[in-house]
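Novice: Sequence:
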Amino acid sequence: MSKSDLAYRVAREIRLLQQSFDAFDEAAAARIGVNRTDLRALDVVLGAGPVTAGELAAELRLSPAATTTVIDRLERAGLVARTRDADNRRRVLVEATESARAAERTIYRPVGEAGLRALARYDSGQLETILDFLSTARIVQQEHAERVARETSR
83 MSKSDLAYRV
93 AREIRLLQQS
103 FDAFDEAAAA
113 RIGVNRTDLR
123 ALDVVLGAGP
133 VTAGELAAEL
143 RLSPAATTTV
153 IDRLERAGLV
163 ARTRDADNRR
173 RVLVEATESA
183 RAAERTIYRP
193 VGEAGLRALA
203 RYDSGQLETI
213 LDFLSTARIV
223 QQEHAERVAR
233 ETSR
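Using this note's numbering, the first residue of the sequence shown is number 83, and each one after it goes up by one.
What the hints contain is simulated information worked out from the structure, not anything from laboratory work.
Just so you know, even glycine gets a beta-carbon here, dropped at the ideal spot from N, CA and C.
Any given hint could turn out to be false.
Only pairs whose alpha carbons sit at most 25 Å apart, straight line, appear in this in silico DMTMM-like list of lysine to aspartate or glutamate [claimed, not checked]:
| # | residue 1 | residue 2 |
| --- | --- | --- |
| 1 | Lys85 | Glu95 |
| 2 | Lys85 | Asp214 |
| 3 | Lys85 | Glu210 |
Label-pair distances were calculated between CB atoms; the ranges are [to be verified]:
| # | residue 1 | residue 2 | range |
| --- | --- | --- | --- |
| 4 | Asp214 | Val193 | 18 to 24 Å |
| 5 | Thr151 | Lys85 | 14 to 20 Å |
| 6 | Lys85 | Leu213 | 18 to 24 Å |
| 7 | Pro132 | Val92 | 37 to 43 Å |
| 8 | Ser102 | Leu213 | 17 to 23 Å |
Let the sequences and hints guide you as you build the complete structure.
Specialist: Pasting the structure below:
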């Protein structure tokens, strides 16, 4: 198979992978009982630990008002809690609740474990190549997301 044929197949697999991520996120959001934006926010809070509303807004690229609405919905759902920063009592942090952590274990841990089992078939050199490819693909996507956003705002 030619290099261009292989590149086409890689591009097609990336598209199918993205669609599978979207389908998984839809299913996870439905299972937890939140929308996709709220699921993204919950993912940030679960991954980063306690965050401020401002940090969350920056990560999600949402306005402060929209971020407050997201936090309110997640708090009502019992998935996050607002707490005072022990070092700065004026600062409010958003942190995942045990319910959110339980959902993470139930929904995400099995796919993570399956992914690790799948990756076990590759040697270290192959994993380095995969890691390089994923990093490159992410950078390309980010650059073009920014390009489309710039073109949209004109």
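Novice: So does Pro132 sit 37 to 43 Å from Val92, Cβ to Cβ?
Specialist: 39 Å, holds
Novice: Could you tell me whether the CB distance from Asp214 to Val193 stays inside 18 to 24 Å?
Specialist: Given a distance of about 23 Å, which is inside 18 to 24 Å, the answer is holds.
Novice: CA of Lys85 to CA of Asp214, is that 25 Å or under?
Specialist: Status holds; Cα separation ~18 Å.
Novice: Given the hint of 14 to 20 Å, is the C-beta distance from Thr151 to Lys85 inside that range or not?
Specialist: For Thr151 and Lys85 the Cβ distance comes to about 48 Å; the hint is violated.
Novice: Take a look at whether the Cβ-Cβ distance between Lys85 and Leu213 falls inside 18 to 24 Å.
Specialist: Given a distance of about 21 Å, which is inside 18 to 24 Å, the answer is holds.
Novice: That 17 to 23 Å hint for Ser102 and Leu213 (C-beta), does it hold up?
Specialist: For Leu213 against Ser102, whose Cβ atoms are near 20 Å apart, the range 17 to 23 Å holds.
Novice: When you check the alpha-carbon spacing of Lys85 and Glu95, does it fall within 25 Å?
Specialist: 15 Å, holds
Novice: Does Glu210 lie within 25 Å of Lys85 when you go C-alpha to C-alpha?
Specialist: Distance ~20 Å between Lys85 and Glu210 Cα, so the pair holds.
Checked against the numbered hints above, the structure breaks only hint 5 and satisfies the rest.
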